[in-house]
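Participant: Protein sequence lines, in the order shown, are assigned to chains A and B.
Numbering-wise, the first sequence is residues 2 to 619 according to the numbering used here.
Numbering-wise, the second sequence is residues 1146 to 1397 according to the numbering used here.
Calculated from the structure, these hints are not laboratory results.
Just so we're clear, the structure is a prediction, and the values are computed from it rather than from any experiment.
The beta carbon of each residue, even a glycine, is placed where N, CA and C say it ideally should be.
A couple of the hints might just be wrong.
Derived Cβ-Cβ restraints for the label pairs, each shown as a range [what the hints assert, rightly or not]: (1) A:L383 / B:R1238: 41 to 51 Å; (2) A:P222 / B:R1287: 21 to 31 Å; (3) A:T310 / B:D1322: 21 to 31 Å; (4) A:I446 / B:M1219: 28 to 38 Å; (5) B:R1203 / A:P429: 57 to 67 Å; (6) B:R1287 / A:I446: 54 to 64 Å; (7) B:G1388 / A:T310: 48 to 58 Å; (8) A:G491 / B:M1219: 52 to 62 Å; (9) A:R221 / B:R1203: 21 to 31 Å; (10) B:A1391 / A:Y609: 54 to 64 Å; (11) A:P549 / B:M1219: 25 to 35 Å; (12) A:L461 / B:R1203: 43 to 53 Å; (13) B:E1198 / A:L250: 47 to 57 Å; (14) A:I293 / B:M1219: 26 to 36 Å.
Now for the letters of each chain:
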Amino acid sequence: MTKSPRSKARNIGFIALVVIGVLIYAYGWQATDIDLDVAQDEGRQERVVRALRGLLNPILFERDTESEVAYAYFLVPCTDESPEQPDVVEGEPYVELTPDCGEASDLITVEVFGFRPYSDGYIRWTPPGRSTQTRNRFRTDGDGHFRSSELRVPTASESDELQVIEVEVQWPVGAPRPSEALTTTIERMIETIFLALMATTLGLVVAIPVSFLAAFNLMRPIRKPLGSLLATLLPLLLYALLIQRLKALGAPDVLVDWLSLRPLIEQAYNFGNMGWIGAGILLVLAAGSYVIIFRLLPNPHDVSRRGKTVRYLRLALGASSLLTGAAIASGVGNQLAIAVSGVLGGVLSSVVGTVSTFVVLMLPGVTGLVFAVVLGTLLSGLVESLVGRLQGTAARRALGLMLGAAAGGLLLYLGYTAIFNFYNPGDPMPLLWEITAAGGVLGGIGGLVLGADHSLPLGLIIYYVVRTILNGLRSIEPLIMGIVFVIWVGIGPFAGVLALALHSIAALGKLYSEQVESIDPGPIEAITATGATRLQMIRYGVVPQIVPPYIAFTLYRWDINVRMSTIIGFVGGGGIGFVLQQWINLLQYREAGVAVLAIAIVVAALDYASAKAREKIT
Amino acid sequence: MLRLEHLTKVYDDGTRALNDVSFEVPDGQFLVIIGLSGSGKSTLLRCINRLIEPTEGRVIWNGVDVTAAPQEEMRFIRRRMGMIFQSFNLVKRSKVITNVLAGRLGYTNPALSLLNRFSKEDEELAQRSLARVGIADQAYKRASELSGGQQQRVGIARALVQDPELMLVDEPVSALDPATSHSIMRYLQEVNDKDKVTIVCSLHFLSLSRAYADRIVALKDGEMVFDGPPKEIDEVRFREIYGEDAEEVEIR
Chain A
2 MTKSPRSKAR
12 NIGFIALVVI
22 GVLIYAYGWQ
32 ATDIDLDVAQ
42 DEGRQERVVR
52 ALRGLLNPIL
62 FERDTESEVA
72 YAYFLVPCTD
82 ESPEQPDVVE
92 GEPYVELTPD
102 CGEASDLITV
112 EVFGFRPYSD
122 GYIRWTPPGR
132 STQTRNRFRT
142 DGDGHFRSSE
152 LRVPTASESD
162 ELQVIEVEVQ
172 WPVGAPRPSE
182 ALTTTIERMI
192 ETIFLALMAT
202 TLGLVVAIPV
212 SFLAAFNLMR
222 PIRKPLGSLL
232 ATLLPLLLYA
242 LLIQRLKALG
252 APDVLVDWLS
262 LRPLIEQAYN
272 FGNMGWIGAG
282 ILLVLAAGSY
292 VIIFRLLPNP
302 HDVSRRGKTV
312 RYLRLALGAS
322 SLLTGAAIAS
332 GVGNQLAIAV
342 SGVLGGVLSS
352 VVGTVSTFVV
362 LMLPGVTGLV
372 FAVVLGTLLS
382 GLVESLVGRL
392 QGTAARRALG
402 LMLGAAAGGL
412 LLYLGYTAIF
422 NFYNPGDPMP
432 LLWEITAAGG
442 VLGGIGGLVL
452 GADHSLPLGL
462 IIYYVVRTIL
472 NGLRSIEPLI
482 MGIVFVIWVG
492 IGPFAGVLAL
502 ALHSIAALGK
512 LYSEQVESID
522 PGPIEAITAT
532 GATRLQMIRY
542 GVVPQIVPPY
552 IAFTLYRWDI
562 NVRMSTIIGF
572 VGGGGIGFVL
582 QQWINLLQYR
592 EAGVAVLAIA
602 IVVAALDYAS
612 AKAREKIT
Chain B
1146 MLRLEHLTKV
1156 YDDGTRALND
1166 VSFEVPDGQF
1176 LVIIGLSGSG
1186 KSTLLRCINR
1196 LIEPTEGRVI
1206 WNGVDVTAAP
1216 QEEMRFIRRR
1226 MGMIFQSFNL
1236 VKRSKVITNV
1246 LAGRLGYTNP
1256 ALSLLNRFSK
1266 EDEELAQRSL
1276 ARVGIADQAY
1286 KRASELSGGQ
1296 QQRVGIARAL
1306 VQDPELMLVD
1316 EPVSALDPAT
1326 SHSIMRYLQE
1336 VNDKDKVTIV
1346 CSLHFLSLSR
1356 AYADRIVALK
1366 DGEMVFDGPP
1376 KEIDEVRFRE
1386 IYGEDAEEVE
1396 IR
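Next up, chain B with everything else stripped away, as it sits in the complex:
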């Protein structure tokens, strides 16, 4: 179980990106965080695996205080938290398979992995993950040769080889077209259903959130303004979250 306690992040320039955010995520839940750009979604996700150090508050995961873990322990925590990014964050000049194998780095010996040596099991695992997201035939291409949707699938494969218990997903589809968006979201849903991986995913679009989320948390200016099942978000709630002038857009 993941628990956020009074999480606050103030950046060096004084921006208060998160303000006293607390909630719990039970194991196996598909949680979607919605909110406008700049509402603190990305900061929240990055505070969970401490890519960004929270200013105040704690992140407790499986009973361990993540925010207090020393660097060495952080390594063991992070490798069970997969992460998927808005701009995919692949190394574009590297091969697809190398990008996926990078997900195993937390498990490999630091010295040996510097020579680009991975065990046979790791290589096979990487191949299987690529097959799962349907791009096994692209394994030896450069990442830059793939389309956006394919690149995001490489990102999912990279997170999968980490054997994660939790996946932090940061706006996975905002760089993709609607059709591809659904295909990516379905892969995430499958990971959630079959592998019982808890998913914390930030999204722009409410319609996508409604389609995939078990539960929605909404952020506005760094504060939590909604926490509940998707169907509870009606017209009034929607305007609270997105502002008076907003109109809901359907993604098909």
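Chain A extracted, bound-state conformation:
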């Protein structure tokens, strides 16, 4: 039988594949330093067995010990006289050395009598003026007797004075109690579990909104005309430019502060800090805004000029009263924190206090942002109606050119200064105006080509940006994030929480958004058709569908975070990993064994529990 040429070609291909395979593995063997000789080295094997013996024999419980001690004396080197040994007392243990003098490194015989039978003991040698060394370990026989001819005289022990040989036999007494390693491990394990819980919670709080931005089916329909998008963006950019220029020109801080309304916010915060009065002001503000927004200015539900104005007023009023309310509320929260400082060991107080401080710190920035957005909404409405009235493409292109040039120039100016100052703080900036001009030209061309009425797939742009950030974040290991956070907030569980939370945002954001993408699109369609806003559509059409998978993924993530938090301590992130690493470095393998055992138990238990819970939900 003859073979077809095709099969010959295949054979050659197969051989080539085998050769390539061999080459790859040969290189891999070399690159990873695989060395069987090292693995067979006896000293190393002995060391690893010792480490394993410790790790597999965790010191979970300890007992108190009692001991008997006896002494003998020795001379190095020999003199005319023998050293005087302690008296042998009837019923007490004693030690005999033969000979009772010699040179360093000699082997001598030691024999002990009258100790507790079947007990462990050791022999310690104290050369005069030097530190004690443990020389031999032994176990007594049924008569409390032991004999060894292998006691070596320590080197560099020559002296006129007596060498002290101490023999001690120890045995455990009383009930076993948890070892110190066990109590430490339990404490740290609780810290670890809560570390994982906090990280998961922080992660999910951010990941839920992010997951909607990263869901293709929700984002694809979002389009906005180029003109009104740029008009929304411009106030934000101008505001950022104003702050940036003022700071660069060394304007007084007061001016910058007023631009973010900081003094007003502080005043509101001080109102809140008046305790009950602050709470009263908050109530009045809430009631007042409710009456004005919902009773005096009800939404006219039409698209007349008046209707639009009323809706805009409602938006502006709502935003202002929410921001003022937040400032007052954080003042009230601050007072509340002081009031409850005695409750629950101060935990409640510290939580309320932290949240209040966080809110009041964020408020100036948020205020600027909110007002820029409110202004942007007004401008974009104006631009939209202007575009509607513009006749012919030429006018629309001209508007696109203007808005595009302004936005492009501002974007590149701000982006370039921010990046340049990050890498070279304080240096003079080269090419600043050229780059700004280039941005203006590019933006202008874009606006001119597309026209102000071009419908931009805004949703898809956001989708791709968010997806890219999530993918990037997810590919950085939490251990590496942990290193950065330890630099920022210091060694401890807080750094671990931040590192795991950041990674959880990326991981959960992806998992969640995939769930959103796989929901039944019918309800989305139906609820959009009722005239619901996009947020309402998400609340009533999307959220009910994704609750079970979101819970399942959150449990799964908590499970992973517990696993990761056991090692985040290796880089200083707190939790059990921190003590585990210390014990390993100090060669305390039995203690390390306790930690390893605890990790195994907790991870296995959570793995099982979360699998069970997920089974129930889905």
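Here the structure of chain A is known, so what remains is to put chain B in place on it, guided by the hints.
Facilitator: The following block gives chain B in isolation, referenced to the frame of chain A:
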């Protein structure tokens, strides 16, 4: 009055689902759109409330150009257009009453409704609508626990609480058995008669169309091939619409 002017829809993949369709629907009419699967019935209905953006042409409703309305205005237009779907499009895990209340979203404050708060009037309206379609006792069950016919009645109740002037009905009975189909169609007829709601309804079966329609529009490959009263559809017309091999099936 609803007027479609030269409505054309070309999908991204090049499919021409609608080709230059124009007709008027006077207020209070029960209009049925017939045609084979893929003839453009669903696309036509969705172009009216812009769940699908038409490529060309205009939809004029009560003198307003729906196709040119900005997003904000679209909200006010859509809430007066109820819509009923072939696969009901209920949120299956939510309660029946929540599904019905979703019909009020166009009227409620966006911020408050996010907390699942509806006014007493809205709740009562939802209950009344459920009673109208005969499933008041099912209000607090999960939508998924209901039968197909009951689910479609929830769909009708959801459209009713919108206080609609126009109902877009997309093959309401093709997932249901014949007996249930008639009961659903009778509810639609009642809404048309009593509430004077204009109805634009797509249907597969000619026999059902004959029983309920004031007027029939037939689509074939995205083009309008017939517009007239049901009785004008004879054997020849029928074959024009449904193809040479088709045979009329009676739904009792």
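Participant: Checking against the hints above, which ones are violated?
Facilitator: Violated hints: 3, 12; rest satisfied.
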